[in-house]
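Q: Whole structure, please, built from the sequences with the hints as guidance.
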Amino acid sequence: MDKRGKFKILLILVSFILVVSFSYIVISQGATGQFIIGNEPPYVVNNTFAIKDGANSGDWDNVFDPVIDTHDKDTKFRFNVKDSNPDVLNVRLCIGTAINPSTTGDCNVVNYNFPIVAPGIHSPSLGAPLTYTYNTNPTGTLEGIAETISLSSLDCSGGFCSKTFYIDVIVDDNSGEITTTPFTFNLINNAPSVPSSLNPSSTHDPTPDLTWTAVDIDDGSKDKWPADTLTYYAQIGASSFGSTDYLNSVSAVPAASGASFISPIPWGTPGVSQAVTSTFARIWSTDNFNITSSNYEATLNLIDNLPTFVDIHLSDEDIIAGEASCTVFLPNSCAINPTQGNYSSINMILSVKDVDADCSSFATTSQLTLCLVNSTSLDTCTPTSNNFRTYNIGFNAAESSADNCNYTLSILSGDSQGIEFFRLPGVYKMYLSPVASQAGASISWSSGYLWEYVSLIAPFYTDTVYLGDRQVDGGDGIQLNQWNPGLSLATMTNKGNILINLEWEATDPSSDGSTCDGKTATCWDLSSDLSNALQIDDDNIQETDSSNLFTANIVETPSRITFGPFGGLSICDSINCNSPSLNETLNTYFHINPPTGLSPGTYNTQITFTV
Amino acid sequence: MLKQKKYLLFLVSALFAISFVSAMGVTYPQPQNIELSPGQSSFFTFQIQSDDFPLTCVPIIEETQGLELAFTQEYNIEANQKYNIKPQVIIPKDTPVGAYKALFCMECSPSEEVAGSKVIPRFCNLPVTVNVVSERTRPNKFDETESNIVIWITLLTISIVILAIVIFFLVRKRSAYPSYSNQQMQ
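Going down the list, the protein sequences come from chains A and B. Residue numbers for the first sequence follow the working numbering, beginning at 1 and rising by one. Residue numbers for the second sequence follow the working numbering, beginning at 1001 and rising by one.
Hints were generated in silico from the structure; no laboratory data involved. Keep in mind it's a predicted model, so treat the numbers as computed, not measured. Ideal Cβ positions, reconstructed from N, Cα and C, are used throughout, including at glycine. Possibly wrong hints are sitting among the right ones.
Stated by the list, open to error - Coverage of chain B stretches by chain A, computed from C-beta distances (three or more under 8 Å per stretch; other residues unrestricted):
| no. | region |
| --- | --- |
| 1 | 1026–1034 |
| 2 | 1118–1126 |
Said to hold, decoys possible - Here are the in silico distance ranges between beta carbons for each label pair:
| no. | chain 1 | residue 1 | chain 2 | residue 2 | range |
| --- | --- | --- | --- | --- | --- |
| 3 | B | Glu1135 | A | Gly513 | 50 to 58 Å |
| 4 | A | Ile561 | B | Ile1158 | 54 to 62 Å |
| 5 | B | Asp1052 | A | Ser531 | 46 to 54 Å |
| 6 | B | Val1161 | A | Gly513 | 48 to 56 Å |
A: Shown next, in the form of structure tokens:
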């Protein structure tokens, strides 16, 4: 160490000694005083108590608000504690349902001890901030009969619910000072509004999707925060509101909801146009506090619109709507033309209107019964009474659209389901069984319509005939001036449905194809010897007619003679036309007695029969 | 005196087969009891059913009682057809109110030539009944077709008149303003 360093150390020591010495001199020279600093009570810092009542950061209710309230059952509390002394603070939050809960030993909601607040924590001017969140922080050991921050219907009036809770904040500085600061707050809630607007109010679905409107004004705004989530209850019963035959549903979704049916609503009893089942719906909702709205009660009708008759078309041909209606052109009804010698065809379209427009979704049929009961008869025509033909008519999707439903029937000519040709013509009754819907069929159904079976003249006969006794038929050829008995049989059969009276006539036979006019070498004038010329017979013997029809002399056109069964050619009674008791057929032979003077050749005549 | 017999081959109606049957049928006209006022007309229909042979059928009016029946002169029907014929019944304007009945026949013969004598059926007494009334109370089944015809005839007439007017004005305009080429020549 050099001299300069030693000097510095010395200077420091001297300065220290001088300072100590001067200090002793001053103290020893002043007057003696005393003051006592006591222990001050800890406290809750003014205006710091608040309760969270909104979503925003500033949404806290405190003493500056008219009322401290919250809609949050998980509400958050905050306040600051302080002690002027550097004491360790014990803070207890006591919440009860009665006033002064901490003094009455009734901290029955919250009795929570905060962690100790060290002096250094509460030393700032605003003290130590403390927060407590209900249902997050422990409630502590409760006193009395435990309760929660909640509401019941007893706390509600006119749809508004409120309950006051009492808070004591107890601060102990562990130095003998304990302060209790009381607060109150209200837990508030609006009951859910009455649900409304059940939709649908009527339905065609036995298990419909239901919606309704429900409102709760606790929508999440300040003092109404957090927004309530509603739970819906829906009941649908058969007899009264509150019964649960079809639906007893709880749905915890935040909007009007569908509900699952426990059993479908049954279809009602058919009336004229509808089958209605009235049900009783009751809907209500509860909110976060399990506060229940008033009941919403409405009727829900299950409606089945029954198919209504529009028209029926009937024809033996393709249906032309404007012409085949059985209802439009009365008294002329829809007509079916017989098919000669066969079964007629039948085409039918039954048109119905189904307002529900769901005829394609389920298989329905109708039945058409045709009777041979005359329209003027008092006899009835039903599927079991006087029915002649009963047809099942199936739904025809291709011929239907929306609410226009068509049921069709098509029977081809020759089908034994058709109508035999020999059925008598007339205007007859029909019966149309109603088309059913899900609930059944209308009790009022149009079925009293008529159909007509048209008259058909249909004599089956040859279009060419042999006259006389040809050698090919076993005869000896045609000789002049004598009777040549007809040997070729031509049989006429009545293949229609009306009695046939026959008249016959013939043109003069000629061999050159010309029209005859009087007797020539190539023309045989039938009128020149009427009774001795051309005869028609039902047997091949010209001379005698014992048990058969008498021969008749066919006259020259335009005159006619009558030849046929007495009373006419009968109508058949079977498809085969083979009744031994009916004159359904007529055998014909043609006897000729050509005069002399005719040249050899092939002679033609035109035989016309009139029916 | 012995009766002298002259043997002559007298072939009548040489046929290919006697077993061929001429099957045809005619239905009664529909509808009956047509309601019309004097001066009006409507249609009716009936059916001719042929079998294996084509037919040519000709209407023959038997009795009209003052009604007018409008047929086609003849109807050619193919084999195995159900042929609908739709004639018209017309009520003359001066026809008194009352019930009327016209009768007609249809005479049908095979369309094709046959090598023998034809047998021709004639279906007669086919009725057309009309109630002539001063005021109609209902539509008839085939009124609409008639209405369509009237409408079409009316539209056709109007079209012809309009066309004639247009042509008239075009010709007149052409006369009033000679063509450019004519002016050049002048």
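Q: Asp1052 (chain B) and Ser531 (chain A), beta-carbon distance inside 46 to 54 Å?
A: 37 Å, violated
Q: For the hint 54 to 62 Å, verify it against the beta carbon of Ile561 (chain A) and that of Ile1158 (chain B).
A: Distance hint for Ile561 (chain A), Ile1158 (chain B) holds at roughly 57 Å.
Q: Examine the region 1118–1126 of chain B: at least three residues should have C-beta closer than 8 Å to a C-beta of chain A.
A: holds (count 7)
Q: Just tell me: holds or violated, for the beta carbon distance of Glu1135 (chain B) and Gly513 (chain A) against 50 to 58 Å?
A: For Glu1135 (chain B) and Gly513 (chain A) the Cβ distance comes to about 57 Å; the hint holds.
Q: Can you tell me whether the CB distance of Val1161 (chain B) to Gly513 (chain A) sits inside 48 to 56 Å?
A: 53 Å, holds
Q: Within the region 1026–1034 of chain B, is the number of residues with a Cβ closer than 8 Å to a Cβ of chain A three or more?
A: holds (count 7)
Checked against the numbered hints given earlier, the structure breaks only hint 5 and satisfies all the rest.
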